[in-house]
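> So the protein sequences, as listed, match chains X and S. In terms of the numbering used here, the first sequence is residues 504 to 978. In terms of the numbering used here, the second sequence is residues 504 to 978.
Each hint should be verified, as a subset may be incorrect.
Identical chains blur together in the list; that is why a pair holds if it fits in one copy or across any two.
What the hints assert, rightly or not - Subject to a maximum C-alpha distance of 30 Å in a straight line, what follows is the list of computed DSS-like cross-link-like pairs (lysine-lysine):
1) K528 - K584
2) K815 - K830
3) K815 - K557
4) K853 - K815
5) K870 - K891
6) K637 - K752
7) K824 - K557
8) K915 - K940
9) K830 - K752
10) K891 - K824
11) K528 - K743
12) K557 - K817
13) K650 - K584
14) K921 - K940
15) K529 - K637
16) K557 - K637
17) K564 - K815
18) K743 - K539
19) K915 - K650
20) K803 - K752
The set of hints was computed from the structure by calculation and includes no laboratory data.
Number of protein chains: 2
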Amino acid sequence: MANNFVESITNMEDDFAQWYTDIVKKAELVDYSGIKGCMVIRPAGYAIWENIQKELDRRFKETGVENCYLPMFIPESLLNKEKDHVAGFAPEVAWVTHGGSEPLQERLCVRPTSETLFCDFYSHIIQSYRDLPKVYNQWCSVVRWEKTTRPFLRSMEFLWQEGHTAHATAEEAEERTIQMLNLYADFCEEFLAIPMVRGRKTDKEKFAGAEATYTIEALMHDGKALQSGTSHNFGDGFAKAFGIQYTDKENKLQYVHQTSWGMTTRLIGAVIMVHGDNSGLVLPPLLAPTQVVIIPIQQKKEGVLEKAYELKEKLSAFRVKVDDTEKSPGFKFAEQEMRGIPMRVEIGPKDIANNQAVIVRRDTREKLVVSLDELEAKIAELIPLMQKEMLERARAHRDAHTYTATTMEELKEIANTKPGFVKAMWCGDVACEEQIKEEAGLSSRCMPFAQETLSETCVCCGKKAKTLVYWGKAY
Amino acid sequence: MANNFVESITNMEDDFAQWYTDIVKKAELVDYSGIKGCMVIRPAGYAIWENIQKELDRRFKETGVENCYLPMFIPESLLNKEKDHVAGFAPEVAWVTHGGSEPLQERLCVRPTSETLFCDFYSHIIQSYRDLPKVYNQWCSVVRWEKTTRPFLRSMEFLWQEGHTAHATAEEAEERTIQMLNLYADFCEEFLAIPMVRGRKTDKEKFAGAEATYTIEALMHDGKALQSGTSHNFGDGFAKAFGIQYTDKENKLQYVHQTSWGMTTRLIGAVIMVHGDNSGLVLPPLLAPTQVVIIPIQQKKEGVLEKAYELKEKLSAFRVKVDDTEKSPGFKFAEQEMRGIPMRVEIGPKDIANNQAVIVRRDTREKLVVSLDELEAKIAELIPLMQKEMLERARAHRDAHTYTATTMEELKEIANTKPGFVKAMWCGDVACEEQIKEEAGLSSRCMPFAQETLSETCVCCGKKAKTLVYWGKAY
Numbered sequence: 504m505a506n507n508f509v510e511s512i513t514n515m516e517d518d519f520a521q522w523y524t525d526i527v528k529k530a531e532l533v534d535y536s537g538i539k540g541c542m543v544i545r546p547a548g549y550a551i552w553e554n555i556q557k558e559l560d561r562r563f564k565e566t567g568v569e570n571c572y573l574p575m576f577i578p579e580s581l582l583n584k585e586k587d588h589v590a591g592f593a594p595e596v597a598w599v600t601h602g603g604s605e606p607l608q609e610r611l612c613v614r615p616t617s618e619t620l621f622c623d624f625y626s627h628i629i630q631s632y633r634d635l636p637k638v639y640n641q642w643c644s645v646v647r648w649e650k651t652t653r654p655f656l657r658s659m660e661f662l663w664q665e666g667h668t669a670h671a672t673a674e675e676a677e678e679r680t681i682q683m684l685n686l687y688a689d690f691c692e693e694f695l696a697i698p699m700v701r702g703r704k705t706d707k708e709k710f711a712g713a714e715a716t717y718t719i720e721a722l723m724h725d726g727k728a729l730q731s732g733t734s735h736n737f738g739d740g741f742a743k744a745f746g747i748q749y750t751d752k753e754n755k756l757q758y759v760h761q762t763s764w765g766m767t768t769r770l771i772g773a774v775i776m777v778h779g780d781n782s783g784l785v786l787p788p789l790l791a792p793t794q795v796v797i798i799p800i801q802q803k804k805e806g807v808l809e810k811a812y813e814l815k816e817k818l819s820a821f822r823v824k825v826d827d828t829e830k831s832p833g834f835k836f837a838e839q840e841m842r843g844i845p846m847r848v849e850i851g852p853k854d855i856a857n858n859q860a861v862i863v864r865r866d867t868r869e870k871l872v873v874s875l876d877e878l879e880a881k882i883a884e885l886i887p888l889m890q891k892e893m894l895e896r897a898r899a900h901r902d903a904h905t906y907t908a909t910t911m912e913e914l915k916e917i918a919n920t921k922p923g924f925v926k927a928m929w930c931g932d933v934a935c936e937e938q939i940k941e942e943a944g945l946s947s948r949c950m951p952f953a954q955e956t957l958s959e960t961c962v963c964c965g966k967k968a969k970t971l972v973y974w975g976k977a978y
Numbered sequence: 504m505a506n507n508f509v510e511s512i513t514n515m516e517d518d519f520a521q522w523y524t525d526i527v528k529k530a531e532l533v534d535y536s537g538i539k540g541c542m543v544i545r546p547a548g549y550a551i552w553e554n555i556q557k558e559l560d561r562r563f564k565e566t567g568v569e570n571c572y573l574p575m576f577i578p579e580s581l582l583n584k585e586k587d588h589v590a591g592f593a594p595e596v597a598w599v600t601h602g603g604s605e606p607l608q609e610r611l612c613v614r615p616t617s618e619t620l621f622c623d624f625y626s627h628i629i630q631s632y633r634d635l636p637k638v639y640n641q642w643c644s645v646v647r648w649e650k651t652t653r654p655f656l657r658s659m660e661f662l663w664q665e666g667h668t669a670h671a672t673a674e675e676a677e678e679r680t681i682q683m684l685n686l687y688a689d690f691c692e693e694f695l696a697i698p699m700v701r702g703r704k705t706d707k708e709k710f711a712g713a714e715a716t717y718t719i720e721a722l723m724h725d726g727k728a729l730q731s732g733t734s735h736n737f738g739d740g741f742a743k744a745f746g747i748q749y750t751d752k753e754n755k756l757q758y759v760h761q762t763s764w765g766m767t768t769r770l771i772g773a774v775i776m777v778h779g780d781n782s783g784l785v786l787p788p789l790l791a792p793t794q795v796v797i798i799p800i801q802q803k804k805e806g807v808l809e810k811a812y813e814l815k816e817k818l819s820a821f822r823v824k825v826d827d828t829e830k831s832p833g834f835k836f837a838e839q840e841m842r843g844i845p846m847r848v849e850i851g852p853k854d855i856a857n858n859q860a861v862i863v864r865r866d867t868r869e870k871l872v873v874s875l876d877e878l879e880a881k882i883a884e885l886i887p888l889m890q891k892e893m894l895e896r897a898r899a900h901r902d903a904h905t906y907t908a909t910t911m912e913e914l915k916e917i918a919n920t921k922p923g924f925v926k927a928m929w930c931g932d933v934a935c936e937e938q939i940k941e942e943a944g945l946s947s948r949c950m951p952f953a954q955e956t957l958s959e960t961c962v963c964c965g966k967k968a969k970t971l972v973y974w975g976k977a978y
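With the rest of the complex left out, here is chain X (with noise of 0.2 Å):
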C-alpha cells in the first residue's frame, strides 16, 4: 500500500515535468479550478505561502516598510500614463467592461502590477520633503493573461507581495532597490534553503518601465534557471508622467525616485524543483507547517496512543502533528515523504518499554535512535542542521551546474549537453544577447555582483567584453 502510493509519481530522471505536477497534485498543494489556468491553493499548499508571508513581512517592517491596500482595478487611461509600462503590459491584462448590466465608460483593468496605482496615491499624499520616504507595500493578487500555464510557476492569477517606494534622492532610491533585493536573497538562502545568484537585468530583460531591474536566480534540480524575485529601480519616469513632485528644504520643486519590488508563490515551485526527490516534496525545517509528524507504531497497543501524545506535548515548542488515523505505517510514512514533512518520529510499543524513539529524516532518510529524555533537544539540534544541509547540497548541485564558456562553439556545446547556468563575457550589445538566444537557446539571466573575468573578449563577437553573465534556460 505504501508501494503504491510512492511508486504513483513519476521519476524526475524520466519526466521532470511530469514529476513537477505529480508532487503539486499528491502532496495536496494544488487543484485545477475552472479557469484554465487559474489554480486552487489548497490548506497544504496556502499554509506554506503563510510561512513565507510572515517571515517576509518580518524581514520588511524591520527595514521600516508599512503594508497598505490598493485598489485590484486600474483605469485604462491610468495604466496608458507610462508608455514603456503600458506597452509591457497591456497585452496581457484581463479587461472589465461591464458592471452589473451595464457598459463602463472606461475599461478597468484587473492589476498586473500595481505601479500606477500606487504613483497616483503618492501623487495624492506626497507634497513635502517630510513626506518621504514612503515605503509601503501590498500584499495581493496579480492577474497576467498568460497562454502556457504551470502551477505556482506560471498562472493566470499569482499570489504576491509588491513593495513601492518614494525618495527624494536617487541614491536613497538605488539603496532600496539593493537593500530589497539582497533581502529577498538572504530570505530564500536563511528560509527556504536556496542559494541565490544576485545580479542586475540586461537592458532587454529589465522590467517595463524601469531603469534597472536587479534580480535573484535560482538553478533547479533539472539544471533549468528560475528568476525567484526582482526589483526595479524607476528613476524618475514615473514620478514625471504622473508628476509626483514635493518641495525640498529649500522650496525648490523636484520629483521623487521610486522603487518596487516583489516576490511571488512561484517560490514554492522553487522549493519543490530545488528539494523534492522521487519520493514527493521535501521541505526544510523552518518552512514547514508541519516539522514533526508522530507515527505511532501499532497504535492499538495499550498506551502507544497516550505516549505519542504525550510527545506532541513534549514537543510544543516545534510544529508538530500525531497520525493517529486508521492507516498503515508504511501509508503514514509514505504520506510524511509525499508531504515532504521534515522529521517523523516513529514509536511502538518496543520503543516505549526501551525509553526511545525513532526519528527519520526526510532529506536524508537517516534514521536517529534517540532517547525519550532527548527527543527534544534532539529535534532542536536537528532542525538548523537540515536547513543548513539542505542549503549546502542546493549549492553543490548549482555549483556542479555551471559552467564557463569563452567561445560560441562552448557555449553551444554546453546549452546542447549540460543543463545549468553558463558563466560567459559579454560586450553589452543586445544583438549579442539575441544571437545567443538564438543560437544556444539561452537568456542572460543576469550580471551577477559577484563579477569574474572569464577572458576580454564577448563570447559571441569577440569584441571588448563589458561584464560577466549567468546565462540559462528559463521557467
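Given the coordinates of chain X, assemble chain S onto it according to the supplied hints.
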C-alpha cells in the same frame, strides 16, 4: 496649531456623515482612488485590519479552520448553477470580457463571494465520509458593483474572510454556523469592544441561496444599526446544485451540508462609529496598532529624548512609538487624539526630575501622574481596564437607545424621534415586515437568540406574534 488641527473635524452632532468622512481622511485611514467606490487603505487603516486578521485567524484556527486560496474569477456558467444565489448576485458583479486583446469565449465575473467556487472545488476533493468535514477559509478581496459607497462601510471592492465548510450531517452544519456566529460576536466584544445583538435574519433578509442566515448587529453612535458579520447554513441546496456527494459508512451516497460565514473591513467603520469622538478616532487598546505614544516635552533640553527612548525600551511588551518629530507638543497631542492612540505618555524635564511621567487616556482624557518605576505596570493595568470600560460605555449607549414598541403608533413615533434599535413582536409575515419598512422606515435587523415576550400580538397586524424582532435603520 493644535487647535487648528482639531477644529477641522466636523462635530458629529452637526453632521455625523461628514464627521465620519473627516475622520477616515484626517486619521489617514483611507485615500480615494481614481475609481469611484474603490478606496485605498492607507497604512494607518491597514494596520488595524492586520490586527483584526491576526486575532480572528488565531481564533479560527483554534476551531480547526484551514486557510486556502481560490481564483478571483467565476465563469458565468458556474455562477448560474444555483438559482437563488445567481439572482442575488448577478446584478452587482463586474464582468471580465477580454483577456489581452482577445474576447473571451465565456464571460468571467470577479467574485462577489465564492460559494460557487468552493462548491466546484469540494466536488473534486470530497468522495468519502473520511474526507469530511472540510472547514476552509480564505482571506481575499471581493467586488460588488454598488452605486452608493462609503469608505469601509460599503465599497465596490472590500477585504474580507470567507469561510466555507462541508459536513456529513445537517446537525453538524448547523452547529458550525452557530459556532462561527458566536466566535464573531465574542471577537467583536472582546477585541473591538463593540457589543453585539446575536440573532437570525428573517427570510426576506437572508443570504441568496441560504436556508438560514445568522447575524450580529451593532448600534452606531448615531443610532443606526450595522450588520457586522453573518453566518449562513445552506443545508444541502448547493450540494444538490453542484453534485457534492460522499459515500457514508454504509457505502450509501449522501449530499454534504454546507455553511459559509464572513466578516469584512466594514468592522473598521464600526470601530470608528462606536468609539470615535469629536477629536477623532478612539481605538480599543487590544486593537490599536500603536498602543502608547511617548511625547517628549521640551525635547531639545538635554536628556529628554534619551529618556523617551529609554522608556520605549522599558515598555517593549507593548506597541509603543516615540513622537520625536519637530512639531509642537500640542500638535502631537492633537495628532495622537486624531489617530486614536489609546494612551500618550508625556515626559519633560520636570517629570524627569521628579522620576515621573503623565499618562493621558484617549477614551476618558483622564490624566495620571505615574512614577517611572510603575509606568510599565500601570500601562499593563490600563489596557484591559480601558478595553472593558469602552465595551461597557458602548453597551450603555446601545441599551439607552434600545426601545420597545407594542403598537404601530409607538413604533412610528420612536422611529421618527429616537434613533436606535426598536424591539417589537412580529407574526412572521413578510407583508408586515414590508409595511413596517414603508411606514416606519425600519428594517428587521434580526430575531435575537435572547427572546422576550413584549406582547402576544404582532406590532403591525395584531395577529398572533411568533417572535421578537430588533428593528432599525441600517447602514
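> Against the earlier hints, flag every one the structure doesn't satisfy and list their numbers going up.
none
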